[in-house]
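Engineer: Sequence:
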Amino acid sequence: MHLAAVKKIGEKDISYPTLSVNAEGTENILKVAKMWGCKVVFASTSDVYGMSPDLPLNDGHVPIFLRAILNDEEVIVHGDGSQTRSMGFVTDLVAGTSLAIDNENAVGEIINIGNDEELSVIDTAKLIHKFANTGKELKIKFVPMSDVFGKYKDIMRRIPDLQKAKRILGYAPKVKLEEAVKLTIAEMKKSKA
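For the sequence shown, the numbering used here assigns the number -17 to the initial residue and increments by one for each residue that follows.
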């Protein structure tokens, strides 16, 4: 199971070390898998789809916002917050990944695992604030994308096509975003106590 990666944070970062460590890490995983005759499940980010206008995309934000809201700090929103995301809950992601490991029909396939419930970044912050019920005002700080990422253009909509996951794996997400937010808030409050 290959879930590890180093992500380039912004345009100011040098690309080669990021590419090198990720490529070499993947190569090492594949060599060991070949040596032991093992199947490899390789996880990736939706960034691989690039700026595709075709949606849903064919084959992080929440905990950061939660911490800021629970600590009465500013929620940093890159751009104007209109970009959308489809965020999957950890139990759904683990279940989907496990189905991919155990299903021989998944061999050689690229399969999206996640949640196809789409919400804008700004609306996600508002949803988290609502369920956090801190009694404090939501503090949002809008930061221009160029200040963080340079010339990088954010993908404005990310929504996965889960049809192949349903067909091959029998996968469908079970935890809706509202429930995921409530569960995460409860866990974060519990760990603070």
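Hints may be right or wrong, so weigh each one.
Only pairs whose alpha carbons sit at most 30 Å apart, straight line, appear in this in silico DSBU-like list of lysine-lysine [stated by the list, open to error]:
(1) Lys121 to Lys174
(2) Lys158 to Lys118
(3) Lys13 to Lys146
Here are the in silico distance ranges between beta carbons for each label pair [said to hold, decoys possible]:
(4) Lys174 to Lys112: 44 to 50 Å
(5) Gly152 to Tyr(-2): 38 to 44 Å
(6) Lys118 to Asn4: 36 to 42 Å
(7) Lys164 to Ser128: 31 to 37 Å
(8) Gly132 to Gly19: 40 to 46 Å
(9) Ile122 to Val89: 40 to 46 Å
(10) Asn53 to Met17: 45 to 51 Å
(11) Asp62 to Asn85: 39 to 45 Å
Think of the hints as simulated: they come from the structure by calculation, not from any bench.
Computed from a predicted structure; not experimentally measured.
Glycine included, each C-beta is placed from N, C-alpha and C at the ideal position.
Engineer: Decide, hint by hint, whether the structure agrees.
Structural biologist: Each hint tested on the structure:
A C-alpha spacing of about 21 Å is found between Lys121 and Lys174, which places the hinted pair at or below 30 Å, so the restraint holds. Between Lys158 and Lys118 the CA atoms are separated by roughly 25 Å; this keeps the pair inside 30 Å, and the hint holds. Taking the CA atoms of Lys13 and Lys146, the gap is near 28 Å; set against the 30 Å cutoff, the hint holds. Between Lys174 and Lys112 the beta carbons are some 19 Å apart, a value that contradicts the proposed interval 44 to 50 Å.
At roughly 41 Å, the beta carbons of Gly152 and Tyr(-2) sit within the given window of 38 to 44 Å. A hinted range of 36 to 42 Å for the beta carbons of Lys118 and Asn4 is consistent with their spacing of about 40 Å. Checked against the hint of 31 to 37 Å, the C-beta distance between Lys164 and Ser128 comes to roughly 35 Å, which is consistent with it. Hint check: Gly132 to Gly19, Cβ distance near 44 Å, so the stated range 40 to 46 Å holds.
About 45 Å separates the C-beta atoms of Ile122 and Val89, a value consistent with the hinted range of 40 to 46 Å. The hint said 45 to 51 Å for the Cβ distance between Asn53 and Met17, and at roughly 47 Å that hint holds. Here the CB-CB span from Asp62 to Asn85 is close to 41 Å, well matched to the stated 39 to 45 Å.
Hint check: a violation occurs at hint 4 only; the rest are consistent with the structure.
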